[in-house]
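Novice: If you read the protein sequences in the order shown, they are chains E and F.
Counting in our numbering, the final residue of the first sequence is number 113, and the numbers go up one at a time with none missing.
Counting in our numbering, the final residue of the second sequence is number 108, and the numbers go up one at a time with none missing.
Please note: incorrect hints may appear among the correct ones.
DEER-style ranges, computed between Cβ atoms [stated by the list, open to error]:
| # | chain 1 | residue 1 | chain 2 | residue 2 | range |
| --- | --- | --- | --- | --- | --- |
| 1 | F | 82 | E | 88 | 18 to 24 angstroms |
| 2 | E | 28 | F | 64 | 31 to 37 angstroms |
| 3 | E | 12 | F | 55 | 25 to 31 angstroms |
| 4 | F | 15 | E | 40 | 27 to 33 angstroms |
| 5 | E | 22 | F | 55 | 34 to 40 angstroms |
Computed footprint of chain F on chain E; a stretch qualifies when at least three of its residues, placed anywhere within it, have a C-beta under 8 angstroms from a C-beta of chain F [as the list claims (entries may be wrong)]:
| # | region |
| --- | --- |
| 6 | 7 to 13 |
| 7 | 77 to 87 |
| 8 | 98 to 104 |
These aren't lab readings, by the way, just hints derived from the structure by calculation.
It should be emphasised that the depicted structure is a prediction, and the values quoted were computed from it without experimental measurement.
Built from N, CA and C at the ideal position, the CB exists for glycine as well.
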Amino acid sequence: NAGVTQTPKFQVLKTGQSMTLQCAQDMNHEYMSWYRQDPGMGLRLIHYSVGAGITDQGEVPNGYNVSRSTTEDFPLRLLSAAPSQTSVYFCASSRDSTAYGYTFGSGTRLTVV
Amino acid sequence: KNEVEQSPQNLTAQEGEFITINCSYSVGISALHWLQQHPGGGIVSLFMLSSGKKKHGRLIATINIQEKHSSLHITASHPRDSAVYICAALFGNEKLTFGTGTRLTIIP
Numbered sequence: 001n002a003g004v005t006q007t008p009k010f011q012v013l014k015t016g017q018s019m020t021l022q023c024a025q026d027m028n029h030e031y032m033s034w035y036r037q038d039p040g041m042g043l044r045l046i047h048y049s050v051g052a053g054i055t056d057q058g059e060v061p062n063g064y065n066v067s068r069s070t071t072e073d074f075p076l077r078l079l080s081a082a083p084s085q086t087s088v089y090f091c092a093s094s095r096d097s098t099a100y101g102y103t104f105g106s107g108t109r110l111t112v113v
Numbered sequence: 001k002n003e004v005e006q007s008p009q010n011l012t013a014q015e016g017e018f019i020t021i022n023c024s025y026s027v028g029i030s031a032l033h034w035l036q037q038h039p040g041g042g043i044v045s046l047f048m049l050s051s052g053k054k055k056h057g058r059l060i061a062t063i064n065i066q067e068k069h070s071s072l073h074i075t076a077s078h079p080r081d082s083a084v085y086i087c088a089a090l091f092g093n094e095k096l097t098f099g100t101g102t103r104l105t106i107i108p
């Protein structure tokens with residue numbers, strides 16, 4: 001069982017570049033979500049999805065786009081990277097956000113210079 | 001505003017001690033999660049509870065809905081329990097709000 005797979009694990013971007021963080025799960029979970037973790041702050045929700053074709057914004061969505069074309073995949077796109085987006089990003093999934101625990105990916109450490 | 005507060009921020013204890021980490025939240029929630037983040041950065045879900053108490057091995061999680069408070073207890077603590085413990089509250093059905101975490105260090 002792979003669980004939740006995030007790629008890449010590390011990435012350095014220049015300001016203004018774009019990139020996509022990949023997230024895939026093989027557990028047939030309907031709920032998927034992206035978070036960022038910054039020093040001294042709790043994880044913060046960026047975007048989430050309750051099923052294929054359905055996405056919604058979280059607490060800090062600006063500068064990020066998502067799509068959910070399949071149940072398995074939930075990529076996070078940085079449109080024009082800024083130093084403020086330097087962070088560790090986690091993807092998570094759940095069978096049902098109200099009744100089950102979450103499975104987290106191993107994280108992506110992103111540095112924007 | 002949906003808020004989650006944890007205490008203490010840092011906790012150092014001797015091996016074998018009973019550990020308690022506290023979490024309080026501002027308004028009614030659907031569920032409360034306890035997570036463990038290892039020094040390598042990976043996050044593992046420990047418990048999800050909406051009422052009462054859950055136990056898994058040496059870990060116990062409780063929640064008091066009326067007082068808007070949850071606790072995570074570790075019995076017979078061990079150095080391998082050293083990690084950051086995070087509580088997260090589900091406000092509504094879809095959005096988790098996280099505490100800032102408690103860094104636990106168990107000294108042999």
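Novice: Work down the list of hints and note, for each, if the structure agrees.
Specialist: Hint check results:
1. F:82 x E:88: 18 to 24 angstroms: For residue 82 of chain F and residue 88 of chain E the Cβ distance comes to about 19 angstroms; the hint holds.
2. E:28 x F:64: 31 to 37 angstroms: holds, 34 angstroms
3. E:12 x F:55: 25 to 31 angstroms: violated, 44 angstroms
4. F:15 x E:40: 27 to 33 angstroms: Distance hint for residue 15 of chain F, residue 40 of chain E holds at roughly 28 angstroms.
5. E:22 x F:55: 34 to 40 angstroms: holds, 36 angstroms
6. 7 to 13: violated (count 0)
7. 77 to 87: The restraint on the region 77 to 87 of chain E is violated, since only 0 of its residues have a Cβ under 8 angstroms from chain F and three are required.
8. 98 to 104: holds (count 7)
Checked against the numbered hints given earlier, the structure breaks hints 3, 6, 7 and satisfies all the rest.
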